[in-house]
Amino acid sequence: MTPDDIVAEIATVIRRTLGDGALDIDASSTAQDVAGWDSLSHVQIVVGVERRFKIRFAAREIMSFKNVGEMAATVHGRLAAP
Amino acid sequence: MITSTSNVAAPPIRLAVLADSASQLFVQELRSEAEKRSVRLDIYEAPFSQADALILDPTSELYAFKPDYTLVWQAAEHLLERFQTSRLDQRASFGSQHMEEIEELFGAFEANGGSKLLYLNYVELDDAVFGSFASKVPESWLHQVRQLNHKLMELAASRPGLFLIDLVTLGGEYGRSYVEDRRIAMTANLLFSLDFLPIIAGRVLDVIDAASGRGRKCLILDLDNTLWGGVVGDDGVEHIELGSLGLGHVYTEIQAWAKALKERGIILAVASKNDPAIASEPFERHPDMRLRLDDIAVFVANWEDKSENIRHIQSILEIGFDAMVFLDDNPAERALVRMRLPDVCVPELPADPVEWMPALRRMNLFETATFTAQDVDRTQQYRQESHRRVARTGFADDGEFLRSLGMVGAIEGFTPFNIPRVAQLTQRSNQFNLRTVRYDEAELRRLADSPSHVCLAVNLTDRFGAHGLISVVILEETPAGYFLDTWLMSCRVLRRGVERLVLDAITTIVRGRGGHRLIGEYRPTPKNGLVSDHYPLLGFEARDGQWCCDLKSYVPLEHFIHREPPLP
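Protein sequences appear in the order of chains Z and S.
Per the numbering used here, residue 1 is the first one in the first sequence, and the count goes up by one each step.
Per the numbering used here, residue 1 is the first one in the second sequence, and the count goes up by one each step.
What the hints contain is simulated information worked out from the structure, not anything from laboratory work.
Mixed in with the good hints there might be a few duds.
Claimed, not checked - Counterexamples of contact, computed for chain Z against chain S with all Cβ distances above 10 Å:
| # | residue |
| --- | --- |
| 1 | Asp4 |
| 2 | Ile25 |
| 3 | Ala58 |
| 4 | Gly69 |
Said to hold, decoys possible - Not everything, but these chain Z residues come out facing chain S in the computed CB check (under 7 Å):
| # | residue |
| --- | --- |
| 5 | Val34 |
| 6 | Leu40 |
| 7 | Val43 |
| 8 | Ile55 |
| 9 | Ala59 |
| 10 | Met63 |
| 11 | Asn67 |
Said to hold, decoys possible - Straight-line alpha carbon distances no greater than 25 Å define the calculated DMTMM-like cross-link-like pairs of lysine to aspartate or glutamate that follow:
| # | chain 1 | residue 1 | chain 2 | residue 2 |
| --- | --- | --- | --- | --- |
| 12 | S | Lys36 | Z | Glu9 |
| 13 | Z | Lys66 | S | Asp127 |
| 14 | Z | Lys54 | Z | Glu9 |
| 15 | S | Lys36 | S | Glu348 |
| 16 | S | Lys36 | S | Asp127 |
| 17 | S | Lys66 | S | Glu81 |
| 18 | Z | Lys54 | S | Asp127 |
| 19 | Z | Lys66 | Z | Asp20 |
| 20 | S | Lys217 | S | Asp127 |
Predicted model only: the values in this text are computed from it and were never measured.
All C-beta atoms, glycine included, are put in the ideal place defined by N, C-alpha and C.
Let the hints inform the model, and build the full structure from the sequences given.
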């Protein structure tokens with residue numbers, strides 16, 4: 001799966017979590033850009049992404065994602081790791 | 001799940017949530033759990049960590065909200081922090097001091113008009129300071145938190161308006177690694193995992209439902225393979241699994257649970273596909289039965305549709321269908337009752353019976369908000385009522401249900417592979433067995449090779465899985481016609497239309513051999529009353545003490561089983 005595919009999957013998780021199928025999300029999107037993405041929906045989004053890719057983030061990663069692209073890069077690295 | 005449509009019209013239940021950690025997602029779960037149960041819920045979510053201030057101030061938004069229920073969730077993690085920063089010489093009294101604070105708060109809450117109070121007790125986190133020795137050290141955290149939980153329980157016992165949500169037990173049931181997600185706790189101050197939140201929300205709604213009069217009142221039990229292992233009509237009362245026989249402990253445990261519920265005031269009823277005399281035999285004679293006939297308020301054993309029998313039970317007990325739980329090992333029976341009586345709670349049971357009791361415990365089916373001495377003899381009152389009424393007969397149209405089962409029947413001759421099972425069936429089937437002729441494997445092999453016999457073994461599958469070989473027919477060619485030497489079936493697939501499918505196949509095969517008449521016979525035994533009308537129901541005519549079917553006038557009867565070709 002390419003980083004772009006991962007961004008698209010994460011965008012789907014975010015839209016489903018926030019209950020808004022029309023949200024415009026790309027790799028540069030940050031929590032501030034997206035309506036409804038607060039600290040608690042962040043938890044739901046993170047857990048949703050973990051379930052989607054069957055991976056587990058570390059707490060420090062959860063706190064430091066600057067945008068969707070960074071989250072996708074972390075997922076990509078986790079999927080590539082043996 | 002309780003789904004009473006009448007709740008929609010009732011005013012919404014007002015619930016205030018006071019928490020000292022992030023509660024937004026918990027509140028979301030409470031809302032969705034309420035929606036699932038068709039309970040209208042208005043929630044006031046207090047600002048974070050404001051419980052004390054809101055409770056002590058009679059003019060606060062809490063009282064302005066006029067809650068019916070107020071939920072207080074103080075996290076054990078935060079209490080542990082307070083403990084760790086308290087003075088060493090005060091630790092031995094930490095629990096009782098905190099309890100005093102709680103009681104003061106309760107006092108103020110009641111004085112200010114209050115509401116019913118739901119209080120989450122404290123998860124007994126291990127602080128890993130004394131190890132197991134903590135129990136010997138009064139100033140240890142574990143000693144104190146456990147004491148606090150015990151005192152909370154005593155307080156709840158003396159205050160009718162205080163209900164504990166037992167996180168300690170729930171945490172033990174699911175385990176710490178399920179209950180918490182450390183990353184979420186540390187980054188978002190949400191102290192339960194996203195998976196555990198709906199479980200607590202479910203328990204909170206259980207208590208609210210019970211306190212609002214929507215608790216469940218009746219447990220309806222199937223018998224064979226639910227209250228004991230095996231089929232009493234086929235295996236005989238001595239051979240059913242109970243006590244130390246086979247997996248008997250599993251069933252003993254279920255019975256012990258049902259008995260304890262009965263002693264608490266839950267009404268027990270039986271709905272079994274069985275001959276009534278056979279079904280009651282274990283209750284009367286088996287030494288390992290925990291349940292006896294006088295524990296059962298309404299005992300219905302017949303061959304009717306279970307949903308009709310549950311209707312009958314309901315008409316005697318005069319309680320709502322949403323107050324009933326129906327326990328049955330058979331997925332098809334469960335599906336039927338869910339379809340016909342959607343308000344009845346029908347727990348889905350794991351395939352392995354050893355997992356039933358743990359699954360049932362987690363479902364918390366019988367939450368209650370009251371317990372009085374009168375509850376104990378409720379069964380007795382209903383038993384008397386039950387004796388006045390007789391089970392209704394007649395049943396609704398089964399077509400829709402049978403079609404939904406997606407049944408497929410396969411009919412084959414006797415083969416080296418199925419002969420052992422055929423022999424077992426001829427030796428064990430007592431109820432659906434027209435002549436009760438017993439065969440061993442050698443005799444069956446001879447019949448299979450005999451040119452003047454037709455031997456049929458019937459397999460059935462439905463959307464719940466394979467039932468395996470469930471019916472056997474042996475025909476003997478005689479000058480008068482084809483004589484039905486054996487026709488038997490497993491009662492597990494009763495009322496599925498299998499006999500109609502089988503008769504269709506028989507007529508096709510016999511016609512193919514140039515025959516034109518079937519001759520059946522019913523030989524009564526103490527156990528096969530079930531099939532006394534088998535032949536007339538299939539359109540056979542009485543002739544000289546036997547039953548005849550002339551193939552010329554045979555009209556196929558409707559059934560919903562797709563037959564897999566070919567025929568033997």
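Exercise for the section: Check each numbered hint from earlier against the structure, then list the numbers of those it violates in ascending order. Expected result: As far as the earlier hints go, 3, 5, 8, 11, 12, 13, 16, 17, 18 and 20 are violated by this structure, in ascending order.
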